[in-house]
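There are 2 protein chains.
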Amino acid sequence: MPHEPNRMCGGSRGVSPRVGIIGGGQLARMLFESSIPLGIDVRVLVRSEADAAATVVPDVIVGDWDDLETLVGFAEGCDAVTFDHELVSPAVLGAFEELGAVLHPRARAMTLASDKAAQRELATAVGIGVAPHVETVSPSDLRDAVGEIGFPAVVKATRGGYDGRAVWWTHGPSDLDALIGAYDFDAGPLLVEPVLAISAELATLVARRGNGEHVRYPVVRTEQSDGICIAVTAPADTTPELVTAAQEGAVALADALDYVGVLAVEYFVVDGTLLLNELAPRPHNSGHYTIDACVTSQFENHLRAVLDWPLGDPSLITPAAVMANLIASSPDRLALGDVVPPSGARVHLYGKDPFPGRKVGHVTVCGRDQVALRRTALQVAHQLTGPALEPVRQAVPVVTP
Amino acid sequence: MPHEPNRMCGGSRGVSPRVGIIGGGQLARMLFESSIPLGIDVRVLVRSEADAAATVVPDVIVGDWDDLETLVGFAEGCDAVTFDHELVSPAVLGAFEELGAVLHPRARAMTLASDKAAQRELATAVGIGVAPHVETVSPSDLRDAVGEIGFPAVVKATRGGYDGRAVWWTHGPSDLDALIGAYDFDAGPLLVEPVLAISAELATLVARRGNGEHVRYPVVRTEQSDGICIAVTAPADTTPELVTAAQEGAVALADALDYVGVLAVEYFVVDGTLLLNELAPRPHNSGHYTIDACVTSQFENHLRAVLDWPLGDPSLITPAAVMANLIASSPDRLALGDVVPPSGARVHLYGKDPFPGRKVGHVTVCGRDQVALRRTALQVAHQLTGPALEPVRQAVPVVTP
Numbered sequence: 001m002p003h004e005p006n007r008m009c010g011g012s013r014g015v016s017p018r019v020g021i022i023g024g025g026q027l028a029r030m031l032f033e034s035s036i037p038l039g040i041d042v043r044v045l046v047r048s049e050a051d052a053a054a055t056v057v058p059d060v061i062v063g064d065w066d067d068l069e070t071l072v073g074f075a076e077g078c079d080a081v082t083f084d085h086e087l088v089s090p091a092v093l094g095a096f097e098e099l100g101a102v103l104h105p106r107a108r109a110m111t112l113a114s115d116k117a118a119q120r121e122l123a124t125a126v127g128i129g130v131a132p133h134v135e136t137v138s139p140s141d142l143r144d145a146v147g148e149i150g151f152p153a154v155v156k157a158t159r160g161g162y163d164g165r166a167v168w169w170t171h172g173p174s175d176l177d178a179l180i181g182a183y184d185f186d187a188g189p190l191l192v193e194p195v196l197a198i199s200a201e202l203a204t205l206v207a208r209r210g211n212g213e214h215v216r217y218p219v220v221r222t223e224q225s226d227g228i229c230i231a232v233t234a235p236a237d238t239t240p241e242l243v244t245a246a247q248e249g250a251v252a253l254a255d256a257l258d259y260v261g262v263l264a265v266e267y268f269v270v271d272g273t274l275l276l277n278e279l280a281p282r283p284h285n286s287g288h289y290t291i292d293a294c295v296t297s298q299f300e301n302h303l304r305a306v307l308d309w310p311l312g313d314p315s316l317i318t319p320a321a322v323m324a325n326l327i328a329s330s331p332d333r334l335a336l337g338d339v340v341p342p343s344g345a346r347v348h349l350y351g352k353d354p355f356p357g358r359k360v361g362h363v364t365v366c367g368r369d370q371v372a373l374r375r376t377a378l379q380v381a382h383q384l385t386g387p388a389l390e391p392v393r394q395a396v397p398v399v400t401p
Numbered sequence: 001m002p003h004e005p006n007r008m009c010g011g012s013r014g015v016s017p018r019v020g021i022i023g024g025g026q027l028a029r030m031l032f033e034s035s036i037p038l039g040i041d042v043r044v045l046v047r048s049e050a051d052a053a054a055t056v057v058p059d060v061i062v063g064d065w066d067d068l069e070t071l072v073g074f075a076e077g078c079d080a081v082t083f084d085h086e087l088v089s090p091a092v093l094g095a096f097e098e099l100g101a102v103l104h105p106r107a108r109a110m111t112l113a114s115d116k117a118a119q120r121e122l123a124t125a126v127g128i129g130v131a132p133h134v135e136t137v138s139p140s141d142l143r144d145a146v147g148e149i150g151f152p153a154v155v156k157a158t159r160g161g162y163d164g165r166a167v168w169w170t171h172g173p174s175d176l177d178a179l180i181g182a183y184d185f186d187a188g189p190l191l192v193e194p195v196l197a198i199s200a201e202l203a204t205l206v207a208r209r210g211n212g213e214h215v216r217y218p219v220v221r222t223e224q225s226d227g228i229c230i231a232v233t234a235p236a237d238t239t240p241e242l243v244t245a246a247q248e249g250a251v252a253l254a255d256a257l258d259y260v261g262v263l264a265v266e267y268f269v270v271d272g273t274l275l276l277n278e279l280a281p282r283p284h285n286s287g288h289y290t291i292d293a294c295v296t297s298q299f300e301n302h303l304r305a306v307l308d309w310p311l312g313d314p315s316l317i318t319p320a321a322v323m324a325n326l327i328a329s330s331p332d333r334l335a336l337g338d339v340v341p342p343s344g345a346r347v348h349l350y351g352k353d354p355f356p357g358r359k360v361g362h363v364t365v366c367g368r369d370q371v372a373l374r375r376t377a378l379q380v381a382h383q384l385t386g387p388a389l390e391p392v393r394q395a396v397p398v399v400t401p
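Chains as they are written, first to last, in the numbering used here: chain A, 1 to 401; chain B, 1 to 401.
No wet-lab data here; the hints were simulated from the structure. Here the structure is a predicted model, which means the values were calculated and not measured. Treat the hints with caution; some may be incorrect.
To give an idea of the chain B side of the interface with chain A (calculated C-beta under 7 Å), a few residues [to be verified]: (1) Gly-39; (2) Ile-61; (3) Val-295; (4) Asp-313; (5) Pro-319; (6) Gly-344; (7) His-348; (8) Gly-351; (9) Cys-366.
Computed far set for chain A versus chain B, every beta-carbon distance over 12 Å [as the list claims (entries may be wrong)]: (10) Ala-91; (11) Phe-151; (12) Ser-174; (13) Tyr-183; (14) Gly-227; (15) Leu-307; (16) Val-363; (17) Val-365.
Note that beta-carbon positions come from the ideal geometry of N, C-alpha and C, so glycine has one too.
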C-alpha cells in the first residue's frame, strides 16, 4: 500500500489547513461553502463527478470510500478527515484509523452514533429516555416481537436509514410477511417499536472539540411528511425544561462518544418527556437554518471542531427562523432565473439532478413571527418546486412511517 | 482569432448557467461563494494561481485580461461576463464587446463609471452635487489649478485609484513639485480639489437588470483611515432626506449608465448635502456587510442582475450591522485556529498572503446597538490582525488623503 503513515493527515503546515470530506452530497457542499471565508482548504472523496460537492470543490477525488487504499491516498496531505455521511463500513473505518488517519468524529463514535441499537444503549446509559423497543435478529424473532407489541408496529433497520428509508410500518400480517420476504437479516438486526403518541419532534446540535469544549445550538422543532423533514422552526416553541433536557442530553451523548465535530440529536416528545429518536454524527438537515440564522453555522463549527479550533458562537442573530426543504416534484431543475425571489427567503440549492421526492435544496426565512415565517418558507418551497409539494395544512408532526 | 462569435457567451443551456469573472480578487471569491447556493457556475480569469479566487474556484483560467484573444477564449461557454475590478483597458473592453461578448456591466458603463472625471459629469447631469474641481492635463495646467485653489489641495488621478491610491494631498510647493516629478500625464488627466469639510461619508448600492428593474440597498456610513475603509455601519445614522437622496442618486446614475449589475456609490456629506465621492462598477467593500446582514447579498444580486434573473430582497435581516476590514499588520497569515471567535462576529478571509496594510478579510457583527457593534467589530479586527490596527478613537471620518 503506497501510504506513508507519518504524512497521512499530516497536513501542510504554514499554508491553509486542509480537511478531507468522505462523501460529496449537500453536506460536503455546504461544508465547502463555509470553508472559504475561514481560509480552510477542502478535499472531497466522491462516488461521481456529478455529486453535489464535486461540481463546486476544486480538489476532488473520485473513488470508493470502502476501499482502504483509496482512503489512504485521499487522506494524504489532509490535516483531518471528516464525513458527509455514515456509509463507510465500520471495519474499513477502524482499519483506516489504525493506519494513522486523523478521523473526526473518530471511527468508534461514527460506528456507534450511526447504529440505532447502539444509540439507544448509549442514551439509556446517560439517562435519556428511549422508546420501548425489541431488537430482532431473525424472521421468527421479528414475528415474536411484533406479536408481543401488536399491530401497528414500527420496524426500523439499525443502520442505513434516513429520510424515511429503512423504516417500515406494519399494519397487519401481510405487511409483516412482505417485510420478512424482502429483508435480509445479514444486513443487521431490526428494531420493533409500538406506535408512539408523539406530540412534537425536537432536534438540537452540539459542536464539540477533542478537549471536551463544546457549544450548544438552540433547540428546534422539526416537521416530517412521508418520513422526510419538510420544515424546521427555530427556536422550538416548547418548555424551558425540555430545551435544557434536549441540550444536556446532546452534550451527554457527545461526551459519552468522546465526539469531535457536530452531533445532531433528534427527539420525540411523548407525554411531555423526551425520547431519543436518533443521532446523526455530522451536520444535519435540522441545522441548515444555522447558515442564515446563527452567528456560526453548524458547518463552520464542524470544521472548527475537526481542526481543533476554538468554536464559534452558536447564538441566533434573529428572533426566529424557519427552514423548508426543497423537495423536487419533477425531474426538471429548479429554474431560479424564472422565479421572483420571495421577500425574505434565502435559497440554497444543492446542484443535484432532481427526481420526485429528492431533496434538492432548502430555503430559510428569518424574522420574528414563527407562524408567518413558516407560511412564507413553505410557500416559497412550493413556488420553487411546483405543485406536488403542497404546504402541509397543520403543524402537528407525524411519526416517520 | 479562434473564437466563434455565436458561441461566445452563448452559455450551456439546460445545465447550470455560467458567469465569467474577469479578475481573481476577493470580490470574485465572494461572488463564487454566493454562486454555490444559487446553482450558478463561475469561471475566473486571473493573473496568478495564487489569487484570492483562484484557490477556491474549480474553473480557473490564468491569463492577461488585456489580451483580446485570452478574453475571447475565457468567455467561451459563459452566459455572461462580469468583473472583479475595472483594470481592463477601455479599448480592449470595447473590442471584446464588439466581438459579441455579453458584458455586464457593459463596456461603456465600465469605462465611464471607473473614470473620476466622467463620474462627475454624469453626476452633474443627473442633478447630484460634486466637489468643486479642475481637470488638468499637463504640469503647467496642474500648477495653475493648485495656484487657484490654494494649498492644501487634493489631487486625484481619473483612473486606477482605490484604497487611497492615486490620491495625493499637496500641502505646499514641495509636495506639488514631487507629484509633478513622479506623474506621467500620458496616464490620464488629474483632478484638483480643495479640501472639503466632510461631516460624514455615506455609501449605497443599487442592483439593476437590463430592463431597468432595480433594488436599493440601505445607505451606510463608512469610515476611512489612511485612505482605506476600516468600518461600515448599516444603516447610516443620518436624515431620511439624505438616505432618499443617496438612493435616488444611485438609481439615477445606474439609469444614466444603462447599468447591469451592482453599482456602488460613495458620497461625502458637506454642509448637510451630498456630494459624489466616487462610483465603483461592481460589488464594493461598503457592501460586504450585506452577506451577513441582508436577505440578498450584493454578490447574489450582482449575479442575478448579470444573468438577467429577478433581483432579490435587499432588506436588512437585523436592526443594524457593522463591518470592519481586516488589514494586515505583518506578513503572517491570520491564524483563526489560535483565536477564540469573538461573540457575535462572522469572519471572512480572502485567502491572501498578507503584507502590512493589505486588506485580507473582514468581519461583520449584527445586532441592535450600533455603538456596541462598532466597538466589537473593531476589537475583533484588532484581535485578528494584531497591534498595528488600533481601533480608531473617534467616529469622525477623515477625507481620503
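For each hint, the structure was consulted:
{"no.": "1", "hint": "Gly-39", "result": "holds (4 Å)"}
{"no.": "2", "hint": "Ile-61", "result": "violated (13 Å)"}
{"no.": "3", "hint": "Val-295", "result": "holds (6 Å)"}
{"no.": "4", "hint": "Asp-313", "result": "holds (5 Å)"}
{"no.": "5", "hint": "Pro-319", "result": "violated (10 Å)"}
{"no.": "6", "hint": "Gly-344", "result": "holds (6 Å)"}
{"no.": "7", "hint": "His-348", "result": "holds (4 Å)"}
{"no.": "8", "hint": "Gly-351", "result": "holds (5 Å)"}
{"no.": "9", "hint": "Cys-366", "result": "holds (5 Å)"}
{"no.": "10", "hint": "Ala-91", "result": "holds (32 Å)"}
{"no.": "11", "hint": "Phe-151", "result": "holds (44 Å)"}
{"no.": "12", "hint": "Ser-174", "result": "holds (43 Å)"}
{"no.": "13", "hint": "Tyr-183", "result": "holds (37 Å)"}
{"no.": "14", "hint": "Gly-227", "result": "holds (25 Å)"}
{"no.": "15", "hint": "Leu-307", "result": "violated (6 Å)"}
{"no.": "16", "hint": "Val-363", "result": "violated (10 Å)"}
{"no.": "17", "hint": "Val-365", "result": "violated (9 Å)"}
The structure does not agree with the numbered hints 2, 5, 15, 16 and 17 stated previously, though it agrees with the rest.
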